[in-house]
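Guided by the hints, dock chain S onto chain C, whose structure is given.
Chains as they are written, first to last, in this note's numbering: chain C, 1 to 212; chain S, 1 to 195.
Careful, some of the hints might be misleading.
As the list claims (entries may be wrong) - Once the Cα atoms are required to be at most 30 Å apart in a straight line, the calculated DSSO-like pairs of lysine-lysine come out as: (1) S/K47 with S/K71; (2) S/K52 with S/K147; (3) S/K147 with S/K40; (4) C/K44 with S/K104; (5) C/K44 with S/K112; (6) S/K147 with C/K44; (7) C/K44 with S/K71; (8) S/K71 with S/K52.
Stated by the list, open to error - Computed list of chain S residues with no C-beta within reach of chain C, every gap over 12 Å: (9) T34; (10) A55; (11) D115.
Read the hints as simulated data drawn from the structure, not as lab findings. Cβ atoms here follow ideal geometry from the backbone N, Cα and C, with glycine treated the same way.
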Amino acid sequence: MSNNSDSQCYFVQLQIDGYLDGDLSEAQQTVFMSHVQDCAACAKEFHYAQVVQDAVLELPQIDCGDMVLEPIYRLTDDTGSQRLAAEKQHSIASRLADLLNAIPGFYRYGLSAALVAVIAVAVSFNVPTPSEDNLNSEQLIASENEQQYSPEEIAQALNDLNLAIEYLNQVSQRTEVMIADRFLVTPIQDSINASFQRARIRESDPLQNGPI
Amino acid sequence: MRALYQQAIDRHRQRIFSFAHYSLRVREDAEDVTQEVFIKLWQHWQKIDHNKLGAWLMRVAHNAVIDHVRKQRPQQANLDQFAEVDEQVGARNEEAKLDQDLFKQQLRLAIKSLDDPFRSIVIMRDIQGMSYGEIQGSLDMSASQVKVYLHRGRRKLRENIELRQLFNEQNDGVSGIKQSVVQAATNDKGNGHVQ
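Here chain C stands alone, though its shape is the one from the complex:
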């Protein structure tokens, strides 16, 4: 008899969540409620389940501050603008290529050969002496640097660097432990690496620009 009651309690308590969710049929509900009304232990368990369930349902949704998402917006800004710039540059390059292709082959190759010859002659007449070489070395390096990176590229690299520094500051403020493992650093490093990589690629072949 006692075992029967225990097993009934067990099954009724298994049905508590079903009852609270409204998943029980009417007949099951009737059996459930009649047992709960007669059994103090099950009544207490049911009341406890109701209290817990109500408290869980009352727990609020929490929102993160805008500060948390600000770096993400900036990251996407940078990536998006880089992509747009790359697309724009690509379109200019493709237009130039189209223009060159429109010139007949004879003139195109003939003009190129003539241009190369003129440059070679000009260079051979203007080879600097060793002293001139020393004097002009800084200017040469400066002009070389100017040819390698446009102001936009330098500004972009600086932006990426600042973004990375800002990220690292934020992360290190939050925790001094395991900073290297933080996942935020990696995408930024990737972004910086990608921009440097792209700068290198751009140097060798301007047509190979592409988004990160």
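Frame of chain C; chain S shown alone:
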């Protein structure tokens, strides 16, 4: 694309952050998870089925929370203690807090202490009000599995000793709940984890 991305963030940020916060109980960790989820969204924007964006985000958040718990496991005990003491000290400072608030604080800790997937399903269903279909999509489970895990999760939640003790004390009319929590906070105060 960027406008759509921002719309997606605005639409889902609360759900993602809430999920992470109730799972991890440390705000900074929840913020990290939220950022990670939205960075992944940006990275995979072109490949995602945008009709199932909510489920995709919750799946990423769920995985991120699990990864976070694994990474932080050696320090987790300390963090738990900190969160607990923090809340208890908060309770001590506001002595007028209702028993109900204490109960909810303990409830949050109890939710956090659940194992996965019980914890995730209880949070998604009972706190975030997600449908079984959404949870199914997020966790890659059948609807019946979700339901079984939900009911088991709730039972496990009710089996939390501290929570049950609080309930019993409140319902037996014992007025020493706050006193016991304050006592616990005083005992734990010198754990040295956070100065």
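Results of checking the hints against the structure:
1. S/K47 with S/K71: holds, 28 Å
2. S/K52 with S/K147: The hint holds at about 21 Å.
3. S/K147 with S/K40: Cα-Cα ~29 Å, so holds.
4. C/K44 with S/K104: Roughly 19 Å separates the two Cα atoms, so the pair holds.
5. C/K44 with S/K112: It holds: about 25 Å lies between the C-alpha atoms, which stays within 30 Å.
6. S/K147 with C/K44: holds, 24 Å
7. C/K44 with S/K71: The given pair, whose Cα atoms are some 40 Å apart, is violated under the 30 Å limit.
8. S/K71 with S/K52: holds, 29 Å
9. T34: violated, 5 Å
10. A55: holds, 18 Å
11. D115: holds, 17 Å
When held up to the earlier numbered hints, the structure conflicts with 7, 9 and fits the remainder.
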